[in-house]
Each structure stands twice: as structure tokens, then as C-alpha cells.
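Engineer: Quick note, the sequences are listed as chains A and B, same order. For the first sequence, counting from 1, position 186 maps to 185 in numbering that gives the first Met the number 0; every step adds exactly one. For the second sequence, counting from 1, position 97 maps to 96 in numbering that gives the first Met the number 0; every step adds exactly one.
Hints were generated in silico from the structure; no laboratory data involved. Certain hints may be false.
Here are the simulated DMTMM-like pairs of lysine to aspartate or glutamate, each with C-alpha atoms no more than 20 Å apart in a straight line [said to hold, decoys possible]:
hint : chain 1 : residue 1 : chain 2 : residue 2
1    : A       : Lys23     : B       : Asp123
2    : A       : Lys11     : B       : Asp128
3    : A       : Lys15     : B       : Asp128
4    : B       : Lys27     : A       : Asp168
5    : B       : Lys132    : B       : Asp145
6    : A       : Lys95     : B       : Glu98
7    : B       : Lys188    : B       : Glu139
8    : B       : Lys149    : A       : Asp168
9    : A       : Lys23     : B       : Asp145
10   : A       : Lys15     : B       : Glu129
11   : A       : Lys25     : B       : Asp145
12   : A       : Lys95     : B       : Asp128
13   : A       : Lys11     : B       : Glu98
14   : A       : Lys15     : B       : Glu98
15   : A       : Lys23     : B       : Asp106
16   : A       : Lys15     : B       : Glu125
17   : A       : Lys11     : B       : Glu125
These figures come from a predicted structure and were not determined experimentally.
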Amino acid sequence: MKQAWQHFLQYKPLLKELVRRDLKVKYRRSFLGYIWSLLNPLLMMCVMTLVFSYMFRFDIPNYPLYLITGQTLWTFFNESTNMSMYSVLQNGALIKKVYIPKFIFPISRVLSSFVTMSFSLVAILVVMVFSKSPFYWTILLFPVPLFFLLLFAMGIGMVLSALSVYFRDITHLYGVLTLAWMYLTPIFYPVSALPEEVLPVILGNPMYAYITFFREIVLYGTVPEPILWLKCVLISLTTLALGLVVFRKMQRNFILYI
Amino acid sequence: MNKGSPIIEVRNVSMRFNLATEKTDTVKEYIVKLLKRQLMFNEFYALRDVSLTVNRGEAVALIGANGSGKSTLLKCIAGVLYPTTGSIQVRGSIAPLIELGAGFDPDLTARENIYLNGAVFGHDREFMDEHFKSIVDFAELWDFIDVPVKNFSSGMVARLGFSIATEVSADILVVDEILAVGDFRFQQKCKERMADMMKGGTTLLFVSHSEEQVRELCQKAVWLQRGELMMWGSCASVVESYLAAQEIGRRSQ
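All chains should be built: construct the whole structure from the sequences, respecting the hints.
Structural biologist: Set out below in C-alpha cells:
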């Protein structure tokens, strides 16, 4: 364990460079550059607010904020896991050439998405100011759910990146899966809008736990109950551990399949 | 760290590829093959029971026909491939000159790629800042330093790749047929740098089809044929036997 950690530290510069590269490539040749990370969630929120306030009419106070908090977290999860899924495949040329600890690829992708999301947090502030939402002190807890979500995304990302090397089908399947997952996560609708049979599924949905945590501290100004804390910690750590174990087991033969 | 002590020890290494499994890209195929027990079917040995020891400061050439396992052996030594059986022990850092520029991101500029590629070899930004000038000097790419690498010619990519990989003197230099790219002048420059590194005590592993280059650079040679070690010893005698065998093969056809 200690050895693995030292090994990791040795490749910290590479991790930094990979994150830097992802960020650079993402907005290369666009005029607004990083501003898109801020603009994109705002524009998406505007569209969705229009659609859902006029067409479906959910009875949620401060709907724009409700929407953008859920949407920011979901977008991060979706983007980071999707990008890490391809990370090993896309870096095949490098893997064939030099020895590098391979978990660095999914991890770097998740981290670069995380940086992008940090920019998007400003969009939430903008919405709060414009909708004249109250600022509670609990908002200062915001790194907590984001950190848990980061670990969760890393775990899922590692599993996906390893599996996709052996079965490319995963890459096609995952798109559908995330679509279903998104609809099963109360991002743009309230939990109360669901039929009772679906409730257990929602409650077992890890994304729901993180989003609820985030909304409680930002939107409602309450400190989440201990049970929710426990749930978030447990899910994050188990997923991360699972990711590490699966990835470690599968990485040896990556090169034969890339 | 004295000269002459073993730096690379290859013990009974075999490398097996499953040609059948290489083709199972979909879950369905995989399950079908699993049921038919075909997964371990079409085996191919790229290396069979190869053992050799390279001492510190030696220059060793790997020769043999295409597909004889030279690159596979280099990749095993570089730690890219894990041998199916046997073990490899390497005592020192490796500068792999395999597929130069393979780690470049085509969308990034040469400047950015230098930092990225440096990090691949484990160097941080400050370290690369110090060496930046001499890397670009050697590659002679100051005019194109802020151009995305995707617009480079293959020779320019190779120059940059070589320059980064050899900037820091490693204990072992692994060279896989890269001197075939680049113009004559740059080839000379690369050879000079390699010779300099070897004077400094760097061990060289060299794959080339050019008998001339092999004789020029190496004292020892390994002859591989269909994954088996045919001969291993002084460069002149191994190259001679290899050429003689090729001659016989040509005549008998």
C-alpha cells in the first residue's frame, strides 16, 4: 500500500500535465474558452426552466436553483465517467511505448472534469444572486458532497475504462444506461412527482444521495442528517475500492487489446 | 554501479499471444467462444524461453527477420508487456525510443508536448523548464515551437521525440529502428548523441536491419528467430552467422 502510494507520487507531474492537457484541448480554438464552462450550464438551465415551467409545471420553489444544482452534479458525473471510459483506449499509443501506471488515465480525466465543474459552480452563484435566493452558512459545506462525488466518479470511471478495453460494447451501452440513470435521478422533477413503486429505486440511487446532500446545504440551508452522510461516505469508498480492485486486476493485459 | 555488473537479466522469458482472443471484441463473441472453449485456442509464441544478461555499459544489437520477436523482447524489457512466463530484472532507468512521438497529443503545440512528454518520463515542470532550451536546440524546431504537432512532418515529430527522450541520460537506451526516420544529417546527430551517452556509461539495446549500423554501434549481438534465441555473443560473429543463414535460406528457395 505504501509502495503504491510512493509510486503514485512519482507520477504526480504526469497527472498534472494530463489534466492540463484535457483542459487545454477542450476549449482550444473557441473564442470564449473557459467561459463556456460557466455559460453552458446557465444556457442549459434557461432552456430546461422554460420547458419545465411551461410544459410540465412542477411545483418546486426556486425552480432554477433546484434545477442547476442537480444538473451541475449530474453533468460532472456524466462527463467524467464518459471521458474516463475512453481514457485507456485513447492513450493506447502511450501505453504501448512506455511503462506508466495506467490508472493515471481515468483519474486524470475525472480530475479535469472536476476542474471544469468548479468553474460551473460560479453559474450556481449567478443563479442565486439573480433569483434573490437566501445564502445560508451551510453553503460553506459544498466541498463535502463534491468530494464524495469525485471519489464515486473515479471508481466508476476506473471500472468503465478497464471494461471498455476488453469489450468495446460498453461504450455504446453506457450512453443508454446514463440516459436511464438521468431520468431516475430527480434533477428536473421533484421526488414527489414519482409513483410510489419507483421510490426504492430512487432512494438506492447514489446520485440522488449526492444531489440531495448538495441541495440541502445550498438550497434549503439545512445540515443533512447523519444517515445521509454515512450513505455518501460508504457509497464513495466502496465504489472507489471496487474501481481500484477491478482496474488493478485487468490492467496487466490492456496492451494486448488496445 | 560499477561497469560490467548485470543491468538487465532476462530469465526464461516466453511471451504468448492468443490470436483467437484478440478478435473477441464483443461480449457475444466472447460468450460464444467461452462456451466453445475456444478462448485459449490459437496460441502464438512471440518469444520462447529466452534468457540473456546484459552488463552495464554494453551495446547490444537485436537482429533477426521481421516477426522474430525483437520488438516484443524490447517491450518486455521496457515494462510495457508482461511476459507470460519467466522474469525480467532491470536495474536502472530506461529511455525508450520505441515509436518516437507516440505519446504526443496532436492538438497541442510542440511547446506543450515537450512538457507532457517530459512528464511521461517522470519529470516535473521546473525540471523541464531547465531543459527546455536544449531540447528545442537539439530538435532544431524553434520556428515551429507554437505550432500544433498534428501539422508536423513525420521527421519533425521524430526529431522532437528523440530530443526529449535523450535529453536526460538514462541508464538504458532502448532503440527500435528509429534511425530510419529523419534526414541524413539528423541521423548523424542522433548517432553522435547516442555515442556520447554510451561513453557516459549508458547501456544500449539496439534493433536495426542495417548491418552497417549494428557493426558500428554494438559490441554484442542477439539473434532471434521465430521467438527463439539462436545465438548470443560478440557482434561480428553473430552478424556473420545470421547473414550466412539468410544466404542459405535464399538459396534453398
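Engineer: With reference to the structure, classify each hint as holding or not holding.
Structural biologist: Right, here's what the structure says about each hint:
Distance hint between Lys23 of chain A and Asp123 of chain B is fulfilled; the C-alpha atoms sit about 18 Å from each other, no more than 20 Å. At roughly 17 Å between alpha-carbon atoms, Lys11 of chain A and Asp128 of chain B fall within 20 Å of each other, so this suggested pair holds. At roughly 15 Å between alpha-carbon atoms, Lys15 of chain A and Asp128 of chain B fall within 20 Å of each other, so this suggested pair holds. Restraint check for Lys27 of chain B and Asp168 of chain A: satisfied, since their Cα atoms lie roughly 10 Å apart, inside the 20 Å limit.
Note on Lys132 of chain B and Asp145 of chain B: the hinted pairing holds, with a Cα-Cα distance of about 14 Å set against a maximum of 20 Å. Among the hinted pairs, Lys95 of chain A with Glu98 of chain B is consistent with the structure: their alpha-carbon atoms are about 9 Å apart, no more than 20 Å. This hinted pair checks out: Lys188 of chain B and Glu139 of chain B have alpha carbons roughly 11 Å apart, not beyond 20 Å. Under the criterion of a C-alpha separation no larger than 20 Å, the hint pairing Lys149 of chain B with Asp168 of chain A is inconsistent with the structure, at around 29 Å.
Restraint check for Lys23 of chain A and Asp145 of chain B: the C-alpha separation of about 14 Å stays at or below 20 Å, so the hint holds. For the suggested pair Lys15 of chain A and Glu129 of chain B, the alpha carbons sit about 18 Å apart, so the restraint of at most 20 Å is met. As the CA atoms of Lys25 of chain A and Asp145 of chain B are separated by approximately 18 Å, the hinted pair is consistent with the 20 Å bound. As the CA atoms of Lys95 of chain A and Asp128 of chain B are separated by approximately 27 Å, the hinted pair breaks the 20 Å bound.
A hinted pair counts as satisfied when its Cα atoms are at most 20 Å apart, and Lys11 of chain A with Glu98 of chain B does not qualify at roughly 24 Å. For the suggested pair Lys15 of chain A and Glu98 of chain B, the alpha carbons sit about 24 Å apart, so the restraint of at most 20 Å is broken. Proximity of Lys23 of chain A to Asp106 of chain B is assessed by CA-CA distance (about 9 Å); at most 20 Å being required, the pair is judged to hold. Of the supplied pair hints, the one linking Lys15 of chain A and Glu125 of chain B holds, its CA atoms being roughly 13 Å apart against a limit of 20 Å.
Between Lys11 of chain A and Glu125 of chain B the alpha-carbon distance is near 13 Å, which keeps this suggested pair within the 20 Å criterion.
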